[in-house]
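Colleague: Residue numbers (our numbering): 87 to 455.
Some hints could be false.
Stated by the list, open to error - Derived PhoX-like pairs: lysine-lysine, alpha-carbon spacing no greater than 20 Å straight-line:
no., residue 1, residue 2
1, Lys155, Lys170
2, Lys154, Lys218
3, Lys267, Lys192
4, Lys155, Lys167
5, Lys218, Lys310
6, Lys267, Lys390
No lab work stands behind these hints: they were computed from the structure.
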Amino acid sequence: MDTSKRLMSLDVLRGMTIALMILVNTPGSWSYIYPPLKHAAWHGCTPTDLVFPFFLFIVGMSVYFSFKKYGTSLSKAATSKIIKRTLIIFIIGLLLNLFPYFNFEKVRIMGVLQRIALAYGAGAILCLAFEKQKLLIILTGILLGYWALLFFGAVSDPYSLEQNVVGKFDLFLFGEQHIYKGFGIPFDPEGLLSSIPAIGTVIIGYLIGQVIDIEKSITLKMRKLMIYGIIMVALGALWALVFPINKPLWTSSYVLYTAGLGTLFLAFLIFIIDYKKYQTWSKPFVHFGSNPLFIFVFSGLYAKTIIYLIKIPVAGSSSPMSLYNYMFIEWFAPAFGNMNGSLMFAISHIIVFWLICYVLYRNKIFIKI
87 MDTSKRLMSL DVLRGMTIAL MILVNTPGSW SYIYPPLKHA AWHGCTPTDL
137 VFPFFLFIVG MSVYFSFKKY GTSLSKAATS KIIKRTLIIF IIGLLLNLFP
187 YFNFEKVRIM GVLQRIALAY GAGAILCLAF EKQKLLIILT GILLGYWALL
237 FFGAVSDPYS LEQNVVGKFD LFLFGEQHIY KGFGIPFDPE GLLSSIPAIG
287 TVIIGYLIGQ VIDIEKSITL KMRKLMIYGI IMVALGALWA LVFPINKPLW
337 TSSYVLYTAG LGTLFLAFLI FIIDYKKYQT WSKPFVHFGS NPLFIFVFSG
387 LYAKTIIYLI KIPVAGSSSP MSLYNYMFIE WFAPAFGNMN GSLMFAISHI
437 IVFWLICYVL YRNKIFIKI
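Build the full structure now, drawing on both the sequences and the hints.
Modeller: Here it is as structure tokens:
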């Protein structure tokens, strides 16, 4: 982002999102998780369901500030940069899915990084190609069009796990072997069609970044963000009466509701950090936010390594235990109990990953992906 215009709260929001991502992705045991740290089973929105849309919301703001040097227009240089970054992030996501066994016959094609890549790529091109008024029309078209796609694309129960059209499309396109199966049936919560409304999340972030940059008064920034945030939350909640808030489907109501919450939370951070200058507490989140995609990829590789590659012999058992399970069962559960041990396991990893981010930050190492 443009450092001359940059608010510290933007970096803190990014860092807090990454820290929460580590917290919810690295419990000691998936059997022992406090409810706020779980995704909603299907419809609904928990704090955990805010992590991904907040990140894409921040991506949208970053697009605005990063491309200011191109005049926030779709130049040849900007287009080349967007396409290159989209491909790199998508390929890294695919390689992360392949690690550590590289089984191409059963690899999941889509994933979190793949969605980030597609939403960033399409969102950035749209944001640079069109001015604000046209962007709002495009955003409206995306959200309404996605609702129509789901509503008219199913014979019955269009927003259910079994009947929704986006899951059927992904199954047709990728095949059962290449789709996430964590819901009990082949359904990818980061599928291709459901990445379309995620573009809307990026666009909203871009427009909020524009507000932050254009308004010179910090009090006016906060006031406008609060107004826009309340409007989006209200619209999302009202739309949810007929089009449920749902992260796996990334419904249009979910887009508005989570972007509104992100906008309100950003306004709160601006008030605390940039207006009131209560900044000391937030420094660790600045460190987290300085290398967000790197720490996401690193945490994924780390988790897979200690789950699949590092095994610990266990007395009285013929089968070794993964280092991941060993640490929880032998260290954290005895010390804190199952529920709190699972939570402390995740918190300990936040601390470890923060130390890595802190060393990189202190040495001015910013790994761009």
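Colleague: Against this structure, judge whether each hint is valid.
Modeller: The hints, checked one at a time:
1. A threshold of 20 Å between alpha carbons decides the hint, and for Lys155 with Lys170 the separation of about 18 Å falls inside it, so the pair holds.
2. For the given pair, Lys154 sits about 15 Å from Lys218 by alpha-carbon distance, which is consistent with the 20 Å threshold.
3. Restraint check for Lys267 and Lys192: satisfied, since their Cα atoms lie roughly 11 Å apart, inside the 20 Å limit.
4. Of the supplied pair hints, the one linking Lys155 and Lys167 holds, its CA atoms being roughly 13 Å apart against a limit of 20 Å.
5. Our distance criterion of 20 Å between C-alpha atoms is met by Lys218 and Lys310, whose separation comes to about 16 Å.
6. For the suggested pair Lys267 and Lys390, the alpha carbons sit about 18 Å apart, so the restraint of at most 20 Å is met.
Checked against the numbered hints above, the structure breaks none of them.
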